[in-house]
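Colleague: Protein chains in written order, with the working numbering: chain A, 106 to 355; chain B, 58 to 309.
Since the hints were made in silico from the structure, they are not lab data.
The beta-carbon is built from N, C-alpha and C at its ideal position, and this holds for glycine as well.
Just so you know, not all the hints are guaranteed correct.
Estimated spans, in silico, between C-beta atoms of each pair [said to hold, decoys possible]: (1) A:P163 / B:Y142: 20 to 30 Å; (2) B:Y142 / A:Q119: 13 to 23 Å; (3) B:R298 / A:R168: 45 to 55 Å.
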Amino acid sequence: MSLLAIENVSKRFQSSSGAVTALDNVSLSLDANEFVGIVGRSGCGKSTLLRLIGGLEPEFDGRIRFEGQDVHAPGLDRGIVFQEHRLFPWLTISQNVAIGVHEAPLPAAEKHRRVAENIALVGLEGFDDAFPHQLSGGMLQRAAIARALTARPQLLLLDEPFGALDAFNKIYLQQELQRIWTQQNIPMILVTHDLEEAIFLCDRIVVLSPRPGRIQTIVEVDVPRPRDRTSPAFTAIRKQLLEELGFALA
Amino acid sequence: MQLSLILLPALFLVLLAIGWELMARSLANPLVPHVGEIGSELARILSDGSFVRQVLVTLGRVALGFVFAFAVSLAVGIAMGRNRYVRQFAEPAVLIGLTVPGLVWALLCVIWFGISLTTSTVAVALSLAPPLTLSIAQGVKTVSAELQEIAAVYQLSQRARLRFLWLPTLYPFLLNGIRIGLSMAWKVIVLVEIFGLSSGVGYRLNVEYSSMNVAGVLAWTIGFAAIMAVLEYGFIGGLERRLTRWRRVASV
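Let's have the full structure, built from the sequences with the hints guiding it.
Modeller: What follows is the structure, given as structure tokens:
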């Protein structure tokens with residue numbers, strides 16, 4: 106049985122100009138240790154799909170099951186990282202990371218150990234006592250990832266996590282995320298509008314078509330890791346994705 | 058910079074005293090006492106202990122009214138900020154509270170409750186609660202929806218949400234409301250004491266006024282204002298510096 110099963114999921118939003126169908130009859134499943142990307146033009150409902158899996162949108166049609174259980178609320182088993190770091194500005198980095206285990210039934214020493222371990226995992230040692238406004242955007246996203254991992258989720262959801270970073274920081278953090286994925290054996294779903302990012306990281310890339318959001322195709326990335334962004338196999342997948350998204354190449 | 062922080066306000070006070078003295082000498086009127094007379098009056102009330110005694114009475118009354126106002130404002134303010142209907146219902150009460158002059162509250166409370174602790178408590182609470190409630194209600198609206206999602210994702214308990222999200226967001230609004238509220242409370246408590254009570258700074262002001270002792274009125278006013286300034290800058294300012302320490306840590 107798959108870790109995550111999305112069956113015939115549709116989501117409508119009420120707006121002033123009537124109902125908008127964000128997702129239409131989407132079905133998808135995810136196996137343990139998989140890295141799945143979701144790409145599509147803006148407004149295709151890719152973030153909505155991620156929020157549904159995270160349990161942040163309780164009303165929808167269809168069925169989402171995670172480890173066999175129906176999803177309709179957030180849970181510590183599904184970690185989520187947003188485009189904005191969403192750290193508490195008045196808490197230090199280690200206090201923010203500790204939010205991930207605040208409600209966990211663990212002894213204080215164990216919580217402390219996990220916080221330190223995950224701060225080290227994302228390479229933020231020495232910044233434990235810094236406040237968020239003292240750090241750069243890339244460091245804050247790393248802290249957000251550490252907070253999510255500290256809760257030891259069974260699945261990590263990433264909603265354009267590097268979308269607001271500059272090109273160099275982005276490439277660096279993509280490599281870091283790949284390292285974390287390999288080390289931690291944790292399945293991830295990455296929503297992004299950066300095709301290169303998706304091809305670099307993912308096993309499968311789901312292409313969503315906009316209005317209403319439907320699965321157009323799923324592209325397998327059958328390239329051994331670590332992937333060379335300039336290799337012919339990499340560019341070929343990039344070309345295929347661009348064509349799927351409606352950008353005809355000359 | 059630290060030196061100018063003390064020197065410039067001190068320079069203003071010295072110039073004020075010199076200006077006053079010049080005015081008193083040129084007018085030569087018993088209703089405009091010399092700086093020396095005011096000073097000796099101040100020294101008298103300080104040395105015979107009456108100043109400290111009366112100020113403590115007045116501060117106690119303000120504190121009691123403050124506790125009531127704070128409890129009510131926190132409950133009403135949070136409810137108003139979170140629920141549209143509560144806000145629409147309670148908004149007129151807050152607006153009326155803000156517009157009615159403190160003098161009216163003081164008069165009404167003396168008429169209704171006479172010479173009792175109820176008078177001062179109710180009058181102070183009535184003048185403090187509206188600005189405090191308004192400030193809290195506005196603060197609740199600024200609680201970040203994104204951070205509320207984070208609280209939901211990590212399954213934070215109500216207590217943890219209060220500690221990590223609600224209170225840190227509300228601190229600046231609470232302090233601002235307390236500041237405005239206290240500045241109103243001082244005025245009201247002095248009026249209540251003038252009209253209806255037989256102790257406190259307001260009562261002493263009334264006594265000095267009745268005996269046409271202008272130096273006495275000024276001495277009590279100066280002393281009381283000094284205490285208020287210490288409370289405002291020392292206590293509330295100190296609290297503010299502590300609670301917003303995270304903002305001023307230098308960037309790396």
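Colleague: Okay, which hints does this one fail, numbers in order?
Modeller: none
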